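First to last, the sequence lines map onto chains B and Y. 760 is the number that our numbering gives to position 24 of the first sequence; each next residue is one higher, with no gaps. 201 is the number that our numbering gives to position 70 of the second sequence; each next residue is one higher, with no gaps.
Treat the hints with care, since some could be wrong.
Claimed, not checked - Under the rule of at most 20 Å between Cα atoms (straight-line distance), these lysine to aspartate or glutamate pairs were calculated in the EDC-like manner: (1) Y/188 with B/799; (2) B/814 with B/789; (3) B/793 with Y/224; (4) Y/212 with Y/172; (5) Y/212 with Y/140; (6) B/814 with B/799; (7) B/793 with Y/186; (8) Y/207 with Y/186; (9) B/778 with Y/186; (10) B/778 with Y/187; (11) B/778 with Y/136.
Bear in mind the hints are in silico, worked out from the structure with no lab data behind them. Only a predicted model underlies this, so the values are computations on that prediction, with no experimental measurement involved.
What follows is the residue order along each chain.
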Amino acid sequence: EPEVTQTPSHQVTQMGQEVILRCVPISNHLYFYWYRQILGQKVEFLVSFYNNEISEKSEIFDDQFSVERPDGSNFTLKIRSTKLEDSAMYFCATRLAGANEQFFGPGTRLTVL
Amino acid sequence: GQNIDQPTEMTATEGAIVQINCTYQTSGFNGLFWYQQHAGEAPTFLSYNVLDGLEEKGRFSSFLSRSKGYSYLLLKELQMKDSASYLCAVFGDYKLSFGAGTTVTVRA
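Please construct the entire structure, taking both the sequences and the accompanying hints into account.
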């Protein structure tokens, strides 16, 4: 069964460093999302992406964050200058056009020191 | 804004039934989802309701009342592996908004 994959599974970085989290969507899915979950807290929406454009973004998704689909397969989330409070699990999710279910990847655990 | 409420914790015995309630007030509504999440793992899809009524899927059922802003997830014949967090989420305005999750503990 096709699934969303994410790399790396764990990322440790120093405060102020840039990180890029990668997601490979299910091949025929066209809608892409990033969510994050701080330890012990709820899953929070960051951004949705369709047709190479951001459809919606949350207040969390400030100028330090960006998304792109550089090569037509990978979908990336970049954090330009990480802060301690960016430490969280980051989940990529994708869905088919016309469908409702979002399929989540296994997540990247980001730890900012 | 989005406001999605569900109980924090529930405990039940193996073989029993548990009902997890969710109330929501959201700016947009295109459906309500229930996800299961084991600790340290990604959410996995359980059910989706967009019309009022009950959707049954094996041991899991989900109910929606749009006029009341209310849903529940019913877990029947509980098994130890059902111990997890259950997340109520509303899809609207191009995004899923999640509740804080209900941690269900199944005791032998």
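Taking the hints in turn, this is what the structure says about them:
{"no.": "1", "hint": "Y/188 with B/799", "in the structure": "violated, 42 Å"}
{"no.": "2", "hint": "B/814 with B/789", "in the structure": "holds, 15 Å"}
{"no.": "3", "hint": "B/793 with Y/224", "in the structure": "holds, 10 Å"}
{"no.": "4", "hint": "Y/212 with Y/172", "in the structure": "holds, 14 Å"}
{"no.": "5", "hint": "Y/212 with Y/140", "in the structure": "holds, 16 Å"}
{"no.": "6", "hint": "B/814 with B/799", "in the structure": "holds, 10 Å"}
{"no.": "7", "hint": "B/793 with Y/186", "in the structure": "violated, 31 Å"}
{"no.": "8", "hint": "Y/207 with Y/186", "in the structure": "holds, 14 Å"}
{"no.": "9", "hint": "B/778 with Y/186", "in the structure": "violated, 25 Å"}
{"no.": "10", "hint": "B/778 with Y/187", "in the structure": "violated, 26 Å"}
{"no.": "11", "hint": "B/778 with Y/136", "in the structure": "holds, 11 Å"}
Checked against the numbered hints given earlier, the structure breaks hints 1, 7, 9 and 10 and satisfies all the rest.
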